[in-house]
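Protein chains in written order, with the working numbering: chain A, 101 to 221; chain B, 93 to 589; chain C, 149 to 637.
Certain hints may be false.
As the list claims (entries may be wrong) - List of simulated lysine-lysine pairs, PhoX-like, C-alpha gap at most 20 Å:
hint	chain 1	residue 1	chain 2	residue 2
1	B	K537	B	K469
2	C	K178	B	K469
3	C	K355	B	K537
4	C	K603	B	K469
5	B	K506	C	K355
What the hints assert, rightly or not - Just some of the chain A residues that point at chain B, by a computed CB distance under 8 Å:
hint	residue
6	Q144
7	V187
8	D218
Since the hints were derived computationally from the structure, they do not count as laboratory data.
Glycine included, C-beta positions come from ideal geometry on N, C-alpha and C.
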Amino acid sequence: MSMLMSLIEHYNYVITIFLMMTGLYIVVARGNMVKKLVGLSIFQTSVYLLYIEPGKIIGGTAPIIDPAFTVYSNPLPHVLILTAIVVGVATLALGLALVVRINEAYGTVEEDEIFERDRNT
Amino acid sequence: MNAVLPHLPALQVVIPLLGALLAGFLRRGGVAFALALAVSWIMPFISGAMLWQTLLTGPISYHLGGWEPPWGIEYRVDVLNGFVLVLVSIVGAVIMPFARRSVAFEIEEGRQAWFYCMYLLCLTGLLGITVTGDVFNAFVFLEISSLSSYVLIALGPDRRALLSAFQYLIMGTIGATFYVIGVGLLYLLTGSLNMVDIAARLDSAWPEYSRAIVAALAFVTVGVSLKLALFPLHAWLPNGYAYAPSWATVFLSATATKVAIYLLIRFYFSIFGVAIDVDTLPISEIIIALSVAAMFIASLIAVFEENLKRMLAYSSVAQIGYITLGIGLANQPGLTGGLVHIVNHALMKAALFLAIGAIFYRARTVRLTELAGIGRKMPLTMAAFTIAGFGLIGAPGTSGFISKWYLAIGAIDKDWWVLVFLIMASSLIALVYVGRVLEVVWLRKPTPEVARASDPPPSMLLPVLALASATIYLGFDTEWTVGVAGNAVEALLGGLR
Amino acid sequence: MTAIASPERLVLVAVLVPFVGALVIPAFHKRPNLRETVTLTTAGLLCAVVFSLLGPVIDGARPEANVFAIAPGLAVALKVEPLGMLFALVASTLWVVNSIYSIGYMRGNDEPRQTGFYVCFALALTSTIGVAFAGNLFTLFLFYEALTLVTYPLVTHKGNTEAIRAGRLYLVLLLGTSLVLFLPAIVATWVLAGTLNFAPGGILAGKTSPAILGVLLALFVFGIGKAALIPVHFWLPAAMVAPTPVSALLHAVAVVKAGVFAVTKVVVYVFGLDTLRQAGANEWLVFVASMSLLLASLIALSCDNLKARLAYSTVSQLAYVVLGAAIATTTSILGAGLQIAVHAVAKITLFFCAGAIYTAHHLTEVSQLNGIGRKMPITMLAFLAASLSIIGVPPLGGWNKWTLALGAADAGQMIALGAIMLSSLLSVGYLLPIVARGFFPSALEGESSKGTRIKEAPLACVIALGCTALLTVALFFSVGRVEQLLLGL
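Just need the whole structure built from these sequences, with the hints factored in.
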């Protein structure tokens, strides 16, 4: 029972881990390269949540120093994740660019078909 | 001069970064090459000066933008990463002259400038990972180097290069994400991203949050192990190395995995090892088991490889096993052996891949069956290949012997005699795969494919010979390998709990 | 003058002379006569340098040269001591003769790639002298491995499938045993003793238990695959595909002798005779060496190929040296040293003869040799002399066997004594029938009477084998001097 309570209390982590596993599963299970990239993006995005959620403090405000407030949310995770998002976008863009080139070279983006074609030549 | 010297840690990263930016605007391959050459040749001076300074006066701490750590990003150079910086920058400088003809031969004119741009970015990333004292900054550099190395591989002449690059991208991104999850957990526990600061704060978190710390350790280990191709997370490496342009293979094999190994050592010995008693966890045993598996299984696969680049790639997986074995042993001689092997393996594997690049340049093939008798046509190149090959085996008089000597002593120090025999027995497999090549290239009659081959021009030949000579030289003079590595290891082990 | 030619310098010079020779030889690639002159000059020079060291060493000097230190415990250092002196003397003298022979053989058979051949030969001698003068285990190991690598091209010289296969076995077995057994033994010695320097009385005394000593001895003895103790002898018969001068080099001058020499040196200077004997760690080796002795002799009896028969004879004769080391008394070590020298001279003669027969008549099997003595009288007389020397008949040989037997008897090793006696009988059985066929062909074989015209091998070959045959006699009479040298142990 306490296990369940603990899960409910930390529902944000549950969501994060669910997304993480979903993404990883897609990467492993799908042969279509575009879908693989989608999975990879989901996987990466879940990590953004992991960082950002704990940054929010209940009752805290934006971290602008003002005598009226004493509790602030942590701004650092946002900055970090901004960087991570840029990295994620770059990865996705490069991945898609590679998929386009692979499609030009092989005429397909299905992994098993590509292996088939490589074996035949 | 005084205005420049304090900023060496930043310049180490900023110069190649600016170089990459500049190269991105260039259209002519030759001009971009000149730029890359200039940058590569400046790097060793910076890293050398920093290593010298750390040996004399202790670690350098550089506060980026003047922000005090742990709030700002700190670049921190001690003997360990000074050592790795020197390795990476020297390898880059030595192999750079080879690039011009090799790249011109394998990559079309329009893309050559991009190639150099990506190389400089990759160099930026690798040097950045090494120099930084901030775990998140290390992630950013890790991705810079990874993204650029995907492109480097994708520029390979065969269409399978694209596929290899894509597979590497998937694996590499998963690895980097694992790493960043681990870092996130550490951040949640300590509120800090500075390595020294994390180590100091983790200490008090251990009793209450030991499970979270172990999880962080596990995520970082898996993430970095993917990057360094620790068996069985090496699947991306053989194809990546095999289909990348020859020169990119040389650069990546000699530096990329080595820097990832450095990162692992840093996490184990400067962060987790300082904060918690790692001996209570079975890390050592796991790493040693995987290392031994790499030494044998990857070597055995190499024995049956027909494509020389793939063969050497599998050999790399095996040789990385020796390095991680040293990490697993975690005692003075063992870890020294591992660190020394980082350098020794980088240099000898660079020599081998350069020789293969020269062969491809002259004979247009890297398949062993088509290379019979090429030793008689390219004697100097193949002599270098032979010497470096004996380095892989660990014959005495080569640098490989020194590494194995220390690893063996490290194993005996732990009373693991069996390990000594395993280390030596795996060298025997190296003898088989190297010997197989030597037999074909030296003793068979030259085939029509290689009939018109000859040693490459000096710009390609000299780097090969220089690296092969280094393999011998470092087998006799170990002041700069064992001496400095021993110094670094002393500091690392001295800080452990 | 004394400074220039001081023994310390000469030690280094001895190692460098053949190395420099190897560098100069390729310069005369296009001019064979000059090239061979370089080889002969180098050989002569080396011989002179080594002999000039003999006097000081007999007088008790132990010239040494620390070349450089690599890392703590790992240093390239040379030090001349009696055993190494003897080995270097044998190797350098026989290289001169072998070079003369090589010229005749290589030209007589019109072999390809002669320049490479002479270069590798000179490099092999560098390594051999390095092994002989090694001042510590690491240096010994370094030159030992170098010797394997530079003789590999010699073994595969013919370049056909058979030679390549033999080369593979040669390389894998020798490098394999040395990496997997010899090197761990060295590492263990370093960890146990804290030093790798050879020291009179050994460095392992009181450092470890008898059981560990026994295991270490096994690692050393089988790890030094060049000593060809059964069951690590396979490479030796396989390496017979090489040209005969190479076989002679392998069997008499450099490779196998480097092996047994290394074993002896390890026993004397690493284990220490007393330590080994008192621990009883040598008992098993006495038995194994005795068995090796007999088994190899028996196999030799059954070989028809002349070179294979000689190869197994070598395996057997090497076991004498290992046996001498295993008994581990001063007398037995003396016997082992004598055996190294006597067997070297005799066996090189036998191989020279085998090569001469091949060059002149292209015969390789014992069964083809009926009446060969009438066609090649000098060769077969030399063969007879060398055979008698191996068997141990004075005045051609015998001191070595006698001293060994004496050592075995003194130490109460009756198995060893029996094996020595029996094996001498067996060697009569596998060597003398060859001579008998040569001189007294059976009357039933009509063909043998056809070609009684004398046809010897090229002059250089005949000179060489004549020289070594005479050397067996000379060695018998100078045995006192050899003993004097070895008693300085």
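**Q.** Restraint status (C-alpha distance of K537 of chain B to K469 of chain B at most 20 Å)
**A.** Between K537 of chain B and K469 of chain B the Cα gap is close to 11 Å, so the pair holds against 20 Å.
Q. Holds or violated: K355 of chain C with K537 of chain B, Cα cutoff 20 Å?
A. violated (54 Å)
Q: Please verify that hint: V187 of chain A, Cβ, nearest Cβ of chain B, below 8 Å or not.
A: holds (5 Å)
Q: Verify the proposed pairing of K603 of chain C with K469 of chain B, using a straight-line Cα cut of 20 Å.
A: Measuring from Cα to Cα gives roughly 41 Å; hence the hint is violated.
Q | Holds or violated: K506 of chain B to K355 of chain C, with C-alpha atoms at most 20 Å apart | A | It holds: about 18 Å lies between the C-alpha atoms, which stays within 20 Å.
Q: With a cut-off of 8 Å on the beta carbons, see whether Q144 of chain A makes it to chain B.
A: Hint on Q144 of chain A: holds, closest Cβ of chain B at ~6 Å, below 8 Å.
Q: Against chain B, run the beta carbon of D218 of chain A and see if the smallest gap drops under 8 Å.
A: Holds. Min distance 6 Å.
(Q) Can you confirm whether the C-alpha distance between K178 of chain C and K469 of chain B stays at or below 20 Å? (A) Given pair K178 of chain C, K469 of chain B holds - Cα atoms ~18 Å apart, limit 20 Å.
Consistency note: the structure conflicts with the earlier hints numbered 3, 4.
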